[in-house]
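Q: Read off the chains here:
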Amino acid sequence: MHVSGQANSWAQTLIDPIQRSSWLEFVREREDQLRAFLQFDPDLGQEVAAAGSALCESDKTASLQGIPFAVKDNIAVRNFKLTCGSKLLKDFVSPYTATVVQRLLERGAVPVGKTNLDEFGMGSSTENSGFGLTYNPWDLKRVPGGSSGGSAAAVAAGIVPFALGSDTGGSVRQPAAFCGVYGLKPTYGAVSRFGLVAYASSLEVIGVIAREISMIRDVFSVMRGQDPRDHSSLPHAEAEPAKEGGFTVGVPDLASISLHEEVQSSWEKTLDGLKSLGFDMEKIELPTLDYLVSAYYVIACAEASANLARFDGIRYGTRSAGFSGNPEQLVRLSRSRGLGDEVKLRILLGTYVLRSGFQDQYYLRAQRIRTAIRREFEAAFSGVDLILMPVYPCGPFKWGSEGLDPFSQKLSDIFTCSANMTGLPALSFPASLENALPIGMQFLAPPFAEERLLQACERFAQVFPIPACPLYRPRQSAGQNESEGSGAHSSA
Amino acid sequence: MLEYFSKMREFDVEGLPPTARMTQNNRTRKDTAVANTDTEAILGNAPELEDRFIVIPNVL
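Protein sequences, first through last, are from chains A and Z. Take 0 as the starting number for the first sequence in numbering that gives the first Met the number 0 and just add one per residue. Take 0 as the starting number for the second sequence in numbering that gives the first Met the number 0 and just add one per residue.
There are no misleading hints in this set.
Covered stretches of chain A, going by a simulated chain Z footprint (3 or more residues, C-beta under 8 Å):
1. 92-101
2. 294-305
3. 309-316
4. 348-359
5. 367-373
Each pair of labels, with its calculated beta carbon distance range:
6. A:P234 with Z:D30: 19 to 27 Å
7. Z:E49 with A:S20: 44 to 52 Å
8. A:Q328 with Z:I41: 21 to 29 Å
9. A:E401 with Z:D30: 51 to 59 Å
Just so you know, the hints here were simulated from the structure itself, not pulled from any lab data. For glycine and all other residues, C-beta sits at the position ideal for the given N, C-alpha and C.
All chains should be built: construct the whole structure from the sequences, respecting the hints.
A: Laid out in structure tokens, this is it:
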């Protein structure tokens with residue numbers, strides 16, 4: 000049984016009274032500043048973990064005994080609320096637990112809270128939450144990214160060693176990059192979606208955010224695998240053996256996309272860093288990248304309009320008070336009052352592109368472009384082991400009117416949504432610090448080659464180890480003065 | 000956004016089949032009843048209950 004280094008320092012946190020009270024004190028302090036959690040309840044988490052764990056002999060190789068973790072609030076954990084960041088679900092208590100969470104419980108992990116997100120996963124900043132902002136632990140005036148902003152902030156500050164998120168168009172990788180931590184989006188089908196509140200069913204995957212690659216590896220190995228409750232889940236291929244020497248990395252031509260200078264600087268440092276490690280860089284062409292975002296949003300909005308139709312205030316959810324007469328009015332009022340503007344926008348767009356007579360023009364066309372993109376990436380991978388891309392055209396931006404407007408945020412999904420459109424696995428990693436803010440880059444790999452992503456990032460950490468934000472505090476094991484975490488690192 | 004979508008018209012989709020689903024498998028499972036979750040927990044989320052019925056305004 001392999002237990003990662005970080006797991007050791009967390010194993011007693013919830014059980015040892017001194018560690019527990021010092022950790023709770025720390026969380027209170029951080030939460031005042033960050034607001035990463037919508038619901039923080041370790042006692043409830045321990046109850047749920049006890050009920051959910053079972054002594055089972057299995058062929059899983061990781062043990063997560065006692066490890067506290069956070070769960071994005073669109074993933075179900077029984078008896079915890081499942082708000083999805085929406086006023087419409089503000090009092091909804093989940094009657095069941097997602098498969099991936101259940102698997103983690105069976106290995107002894109403890110869910111300590113539900114994290115803030117853009118409503119229903121729609122957004123890139125966590126500004127679209129129905130319950131307020133989460134703040135970036137690197138700079139409280141900036142966003143933590145989205146939609147899994149709460150999860151990324153909690154991990155970056157050291158509140159939990161790992162957190163779950165969901166990635167529909169970059170929502171695990173982009174907040175991980177904005178918060179200077181690792182974010183894995185697995186291959187579509189590698190991880191069960193049972194228990195993930197659906198936004199865009201053909202695009203989304205549950206992912207992991209952590210400060211250590213070994214933790215990502217352990218958590219992923221527990222979560223993955225076919226689930227009879229999710230018919231889009233697939234058996235995982237055997238892990239590849241460790242590769243001798245360097246990987247060949249495909250580098251797309253980014254001339255048509257303008258990068259902000261901090262990302263451009265980080266991109267160049269990343270290329271240099273990889274070359275110094277013995278990676279072979281090879282130019283690749285991805286001409287369809289220009290059409291990616293429009294095709295992505297057509298598909299995402301269309302699927303969202305169908306998936307969110309269930310939220311009508313009838314069987315559950317916040318029913319709008321003051322309806323008079325008929326169910327139609329009840330539904331209309333509940334949705335008008337309960338759903339945020341961004342969600343309404345995407346539902347309306349999705350409904351529009353699916354109108355009969357328009358489907359050829361929008362939805363079908365987008366699906367054809369999707370085929371072209373998948374073929375293009377498949378062809379690219381015949382010559383390279385990995386593809387390197389930035390995560391976002393800019394670094395973590397300020398929240399509010401000084402930041403990035405919603406339309407620009409959508410256009411900026413260009414790097415991340417390729418992995419969702421193709422179903423490929425991708426891992427974002429901290430690449431450098433620019434002006435004391437983290438910039439992340441990402442690797443993409445062929446289907447089920449997550450191990451390749453992990454190995455590449457482990458190697459890259461030799462030139463740029465994971466940085467620690469000013470608010471980060473590593474967990475101290477009992478009796479130790481020296482902590483296991485790393486100190487702050489400036490850019491290489 | 001709609002204007003932005005029209006950018007897709009530039010792309011030549013001739014001969015490209017639409018990607019209708021991401022995984023090509025079609026599996027079946029046994030149609031057996033499994034104790035899934037308890038009714039109390041589900042009904043606990045209903046906005047308005049009368050006995051074990053969810054109340055809504057008159058449809059007719």
